[in-house]
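Visitor: Read top to bottom, the protein sequences are chains L and R.
If you're matching positions, the first sequence starts at 1 in our numbering and goes up one per residue.
If you're matching positions, the second sequence starts at 1 in our numbering and goes up one per residue.
To be clear, the hints were calculated from the coordinates, so they are not data collected in a lab.
Heads up, a few of these hints could be off.
Here are the computed distance ranges between Cβ atoms for each label pair [what the hints assert, rightly or not]: (1) R:R130 - L:L77: 27 to 35 Å; (2) R:H89 - L:I76: 32 to 40 Å; (3) R:R128 - L:D19: 44 to 52 Å; (4) L:H63 - R:L233: 42 to 50 Å.
Covered, in the sense of this in silico footprint (three residues per stretch, anywhere, with C-beta under 8 Å from a C-beta of chain L), are these stretches of chain R [what the hints assert, rightly or not]: (5) 35–47; (6) 184–196; (7) 217–226.
Partial chain L-side listing against chain R, Cβ under 10 Å, derived [claimed, not checked]: (8) L66; (9) L68; (10) G126; (11) V129; (12) V133; (13) V164; (14) A193.
Bear in mind the structure is a predicted one, so any value in this text is a computation, not a measurement.
All residues carry an ideal CB built from backbone N, CA and C; glycine is no exception.
There are 2 protein chains.
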Amino acid sequence: MSLVITPIALRASVSAESDILTLLLDALDQAGEAPTDGDVIVVTSKVIAKAEGRVVPFDGTDHAKLALIESESRRILRRRGTLRITETHHGFVNANAGVDLSNTEPGTAVLLPVDPDRSARRLRAGLRVRRDVDVGVVITDTFGRAWRHGVTDVAIGAAGLRTVLDLRGTVDATGRTLEATEVAIADEIAGAANLVLGKAAGTPFALLRGLDPTYFGDGSVTRDIIRPVNGDLFR
Amino acid sequence: MSLVITPIALRASVSAESDILTLLLDALDQAGEAPTDGDVIVVTSKVIAKAEGRVVPFDGTDHAKLALIESESRRILRRRGTLRITETHHGFVNANAGVDLSNTEPGTAVLLPVDPDRSARRLRAGLRVRRDVDVGVVITDTFGRAWRHGVTDVAIGAAGLRTVLDLRGTVDATGRTLEATEVAIADEIAGAANLVLGKAAGTPFALLRGLDPTYFGDGSVTRDIIRPVNGDLFR
Chain L
1 MSLVITPIAL RASVSAESDI LTLLLDALDQ AGEAPTDGDV IVVTSKVIAK AEGRVVPFDG
61 TDHAKLALIE SESRRILRRR GTLRITETHH GFVNANAGVD LSNTEPGTAV LLPVDPDRSA
121 RRLRAGLRVR RDVDVGVVIT DTFGRAWRHG VTDVAIGAAG LRTVLDLRGT VDATGRTLEA
181 TEVAIADEIA GAANLVLGKA AGTPFALLRG LDPTYFGDGS VTRDIIRPVN GDLFR
Chain R
1 MSLVITPIAL RASVSAESDI LTLLLDALDQ AGEAPTDGDV IVVTSKVIAK AEGRVVPFDG
61 TDHAKLALIE SESRRILRRR GTLRITETHH GFVNANAGVD LSNTEPGTAV LLPVDPDRSA
121 RRLRAGLRVR RDVDVGVVIT DTFGRAWRHG VTDVAIGAAG LRTVLDLRGT VDATGRTLEA
181 TEVAIADEIA GAANLVLGKA AGTPFALLRG LDPTYFGDGS VTRDIIRPVN GDLFR
């Protein structure tokens, strides 16, 4: 069965007065798409953050930028110029604590949502109430990686989805135990959605249809994907 | 426009006598899929490696495993038990130099292709000759990540595709220069394909249709995605 990924444009602007669920449903209606059971809705973090009031004043100076990064960080892992590799209060390791200074209103910066898993659960619950559908929700942001050039979108929040899944079972066809079989499907979903969203300004939503039914369940990015510091060979 | 990702099963077994292009074309025919200009074909590394004769004897001992990992590595970055975080001769940073001890013939291990970009170029050229189509090719393998639990599929070779792409331009809507806008679309394509391949044993191919035309061009994983050691804050 094919997986179909459809970008969903948002015409309205987003502010702290916005109800993200209503914006999503209106955008789906305008796109002529009706969410159905087993779909996954991907939402980029910035619209969530704006709707949750995570917009702060920013005067454009390096000093203000670094102060914002510090305030969003639990720990600074690396420094280069005004670039910081940070461990955010969520536990994410990313550049500049996800403080977004681009495509924001002049004089402002956008911070990451405080609890993206909760934001995803709220959207999923709202979709069930308003449309009576059982869908997964993934909230995404753009992260760099160690060792590989270029950024990719990853999951920072999820609901209704098993974010990390053992796809192949613990024993292979020849009876040997497999290594490294836990697949971070929430991150693969985030990157897949970015393939249709990246080019499209003002397109913060994607609808994924055709994912394997076993992908759905109770998952969390914070609980399942963030590595405990003591389990991490690179921190 | 939607992106459609279709798994393509392979019924034949793969050996050093196999012609991977013929296997791919037969599999596409059996799936009732005809590649067309602007498609991307994703191929998992193991079938490429087997067809290129990268299968070696393996007696199942830790000693033999570690010897294989050493021989495939340019450098060992971390050690834990029999796990090695390696820099392969290609320059990839991964676990155990990509030496595959699972789902292999008893008594054997499968190594990564020697030059996956070249393998991808050869497949792309063959598709042009045999089917007169201009498609991108991505060869994938499963890598772990620093800081995030779970593995994802990434690109280890590519042809006909701009592996790293500036999706948003260098200046944002408010005139400010964007940071970190180079998106590793080849890795997002690899992860997207794994969403339909992961569950399906014996399904080493995926067909992606509907990618933005600007994604296509002359790209290389080795040249564009592998970070030079001196540009890497985590090595």
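Visitor: Please go over all the hints and tell whether each is borne out by the structure.
Guide: Hint check results:
1. R:R130 - L:L77: 27 to 35 Å: 49 Å, violated
2. R:H89 - L:I76: 32 to 40 Å: Holds: the Cβ-Cβ distance is about 34 Å, inside 32 to 40 Å.
3. R:R128 - L:D19: 44 to 52 Å: 51 Å, holds
4. L:H63 - R:L233: 42 to 50 Å: With Cβ atoms ~23 Å apart, the hint is violated.
5. 35–47: Answer violated; 0 residues pass the 8 Å Cβ test.
6. 184–196: holds (count 10)
7. 217–226: With 3 residues in contact (Cβ-Cβ under 8 Å with chain L), the coverage given for the stretch 217–226 of chain R holds.
8. L66: With a closest approach of 14 Å, the L:L66 hint is violated.
9. L68: Nearest chain R Cβ about 14 Å off; hint violated.
10. G126: Status violated, d = 24 Å.
11. V129: 27 Å, violated
12. V133: Violated. Min distance 19 Å.
13. V164: Since the shortest Cβ distance to chain R is 4 Å, the answer is holds.
14. A193: 9 Å, holds
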